[in-house]
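At position 110 of the sequence shown (counting the first as 1) the number is 473 in my numbering, and the numbers step up by one without a gap.
Accuracy of the hints is not assured; some may be wrong.
To be verified - Each computed BS3-like pair below joins lysine-lysine, with the alpha-carbon atoms no more than 30 Å apart:
#	residue 1	residue 2
1	Lys464	Lys488
2	Lys422	Lys494
3	Lys494	Lys455
4	Lys410	Lys494
5	Lys488	Lys422
6	Lys464	Lys494
7	Lys455	Lys410
8	Lys494	Lys428
9	Lys422	Lys410
10	Lys428	Lys455
11	Lys428	Lys410
Derived by calculation from the structure, the hints in this document are not laboratory data.
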Amino acid sequence: MWSIPGAPERKFFKAEGPALQVTDGTVISGYASVFGTKDQGGDAVQKGAYGASLAAMRKAGRGIKMLWQHDPAQPIGVWDEVREDALGLYVKGRILTEVEKGREAVALLAAGAIDGLSIGYRTIKAHRDGKGLRLLTEVELWEVSLVTFPMLPEARVAAKNDTLDDEVWRSLAQAFEAARLNWARG
Numbered sequence: 364m365w366s367i368p369g370a371p372e373r374k375f376f377k378a379e380g381p382a383l384q385v386t387d388g389t390v391i392s393g394y395a396s397v398f399g400t401k402d403q404g405g406d407a408v409q410k411g412a413y414g415a416s417l418a419a420m421r422k423a424g425r426g427i428k429m430l431w432q433h434d435p436a437q438p439i440g441v442w443d444e445v446r447e448d449a450l451g452l453y454v455k456g457r458i459l460t461e462v463e464k465g466r467e468a469v470a471l472l473a474a475g476a477i478d479g480l481s482i483g484y485r486t487i488k489a490h491r492d493g494k495g496l497r498l499l500t501e502v503e504l505w506e507v508s509l510v511t512f513p514m515l516p517e518a519r520v521a522a523k524n525d526t527l528d529d530e531v532w533r534s535l536a537q538a539f540e541a542a543r544l545n546w547a548r549g
């Protein structure tokens, strides 16, 4: 597969393992990216990689788009919060049920048919670590999509008004720890 320099990048993969249980509500939150975690394409986003992009968007008064399956013709909601924290790129937003695809997304989330998040971005700075891993140190974030197959298995959404129960938090912690250990082993 070839790529065009400066073109948006998106990542997909066939999900394996259990997905999060999703319940009622249109408020969703989760991590669209987890720092230092190798994805299925051999990339790992580094802490701080989104900082300049998020600052530029705020300064311009624009937000990151919420899309359905990376389709720019299908916005389905609004990200009210997009920020880096110690773990990765955290997002929280509202799916708009006034939009047909938004209603479909809510139904699919509630049924557990989808639970993935994926980023659409342009690489600004990256380098190889000598083991074939591409370390992304600066990216221009364009959008965060709800997707069937995220490239990063840990990029999952939770939808339950504004809260997650203890079981889900424990599952997330276990998944992140397992991913960290797998990445450390190379």
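Q. Given the hinted pair Lys464 and Lys488, is their alpha-carbon gap at most 30 Å?
A. Roughly 34 Å separates the two Cα atoms, so the pair is violated.
Q: Please work out if Lys494 and Lys455 have their alpha carbons no farther apart than 30 Å.
A: violated (34 Å)
Q: Would you mind confirming whether the straight-line C-alpha gap from Lys410 to Lys494 stays at or under 30 Å?
A: holds (19 Å)
Q.
For a C-alpha distance cap of 30 Å, please report whether Lys488 and Lys422 respect it.
A. holds (21 Å)
Q. Given the hint that Lys428 pairs with Lys410, does the C-alpha gap stay at or below 30 Å?
A. holds (21 Å)
Q. CA of Lys428 to CA of Lys455, is that 30 Å or under?
A. Holds, at roughly 12 Å.
Q.
For Lys455 and Lys410, compute the direct alpha-carbon distance and say whether it is at most 30 Å.
A. holds (19 Å)
Q. If you draw a straight line from the CA of Lys422 to the CA of Lys494, is it 30 Å or shorter?
A. violated (37 Å)
Q: Given the hint that Lys422 pairs with Lys410, test it: the Cα-Cα distance must not exceed 30 Å.
A: Holds, because 21 Å separates the two Cα atoms, which is no more than 30 Å.
(Q) For a C-alpha distance cap of 30 Å, please report whether Lys494 and Lys428 respect it. (A) violated (34 Å)
Q. Within a Cα-Cα threshold of 30 Å, do Lys464 and Lys494 meet the stated pairing?
A. Cα-Cα ~41 Å, so violated.
Hints 1, 2, 3, 6 and 8 from the earlier list are contradicted by this structure; the remaining hints agree with it.
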